[in-house]
Amino acid sequence: MHEHRKELIYGYQADSCALQAVNRLDKNTFIRACREGGAAIEQALRDLDRTFFAKLYRSSLQTLRDADAARDLVQDTFIKVWQRCVTFRGDSELLPWINVILRHGAIERLRQRHSEVPLEDDQGLTGEVVESIVSLSLESHDTPEQSAQQRERAEVFTKGWRRFHKDDPLHANVMAWIVEDGLSNDEIAQLLERSPGATREFISQCRKRARSYLAEWYALAAASGETP
Amino acid sequence: MSADDQDRWLDALAGRDVDGGSQEGRALREQIRAQPPPPLAVVAEIDPAREAQLIARARGAALLPAGAPRRLSVARVALMAAALAGVAIGVNTLRYTRVPPETFRGAANGVVELETKDPRALKLRLIQELKDAGVSATGYERLDRVGLDADLSLPVAPNVRRVLKQHQIPVPSDGALVIEIHAPGVP
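The listed protein sequences derive, respectively, from chains X and C.
The first sequence begins at 349 in the numbering used here and counts up by one.
The second sequence begins at 8 in the numbering used here and counts up by one.
Just chain X, same shape as in the assembly:
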């Protein structure tokens, strides 16, 4: 409720400005503004805000779950974008490049919020469940009974996933980004600014934590006999 109120406050100018033209910032304009500096940066900053704020804010809100922190993160990202504009070579579009900077900032904030405590092997899981990693295709429901089981498992997953996100947003978000963007081990290492070895350990922790927070989902799947 509180979050919703803050989001509405941020959106208060929507109607009064609806008729203003929005100058979309493309990468060529961005590179030119970076080269020219001065007043060109001020206009480009405004265009950057108009072009990308809404999308980045929603993404930040999903990651940080706090409207003020999300707004702060996006504006901080825009400042970093200009401080690092010389490093943008124009090989990709602007948004993916900005998104990486945003995620670095999000990770910094999440690390400040939560100290990373390694989990022991198999914490929260029985050996049976660990061994019973299941085939859980959402499309494979043949009978009404199987469909009901699928729905139940999906609800249990959602409950556990939300808890994972709330308690340990760093690992949960990195898992979500892996799903969203198909990140490889090297790309995750760059994102986390860690060595490949430390990144492997981090990914291992993601898996262990998922198994812990989603233990009920794993157990349901094992009980349904859908074992590989």
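Hints were generated in silico from the structure; no laboratory data involved.
This structure is a prediction, so every number in the text was calculated from the model and none was measured.
Backbone N, C-alpha and C fix where the C-beta goes; we use that ideal spot for every residue, glycine too.
With the Cβ distance kept under 7 Å, some of the chain X side facing chain C (calculated, not the full set):
id, residue
1, C382
2, W430
3, L531
Dock chain C against chain X, hints included.
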């Protein structure tokens, strides 16, 4: 949990699954993708207050020059006049020992451009500060252009980053630092 097992799990989670891949990773991916998105936040595309805040932050980070002066009260003007008188004495004393402040003008093709009233003095100061940070920079002056360049070791050391940050110079990702310094009004 073997390294191969974890690689298969990561590949499946990332959607790079192949036959014989991790069913656990695949199932997790399906469930994560099936999660309902959070309620859509209402965000104005154009928000003057938000833009003003961003511009203020950019000025605070020295990305932009300070804004236009505002209307001042008589008392504040008197106070500022007194302060300026004091500063004038100090400036007169320091004018030959301090380098004028520079402004970051931008960068293109890996060349950082700075603007200052005394480019040569700034060049010498940068070379000295980089030297103090363990970097050997080479200065040059040709065809009215004053600048310096240096090859920074990667990853760039924190003390070198500090020097660059003090002058609003972005850290080059490839370690090749090239700076050109202009006087105001000189293109």
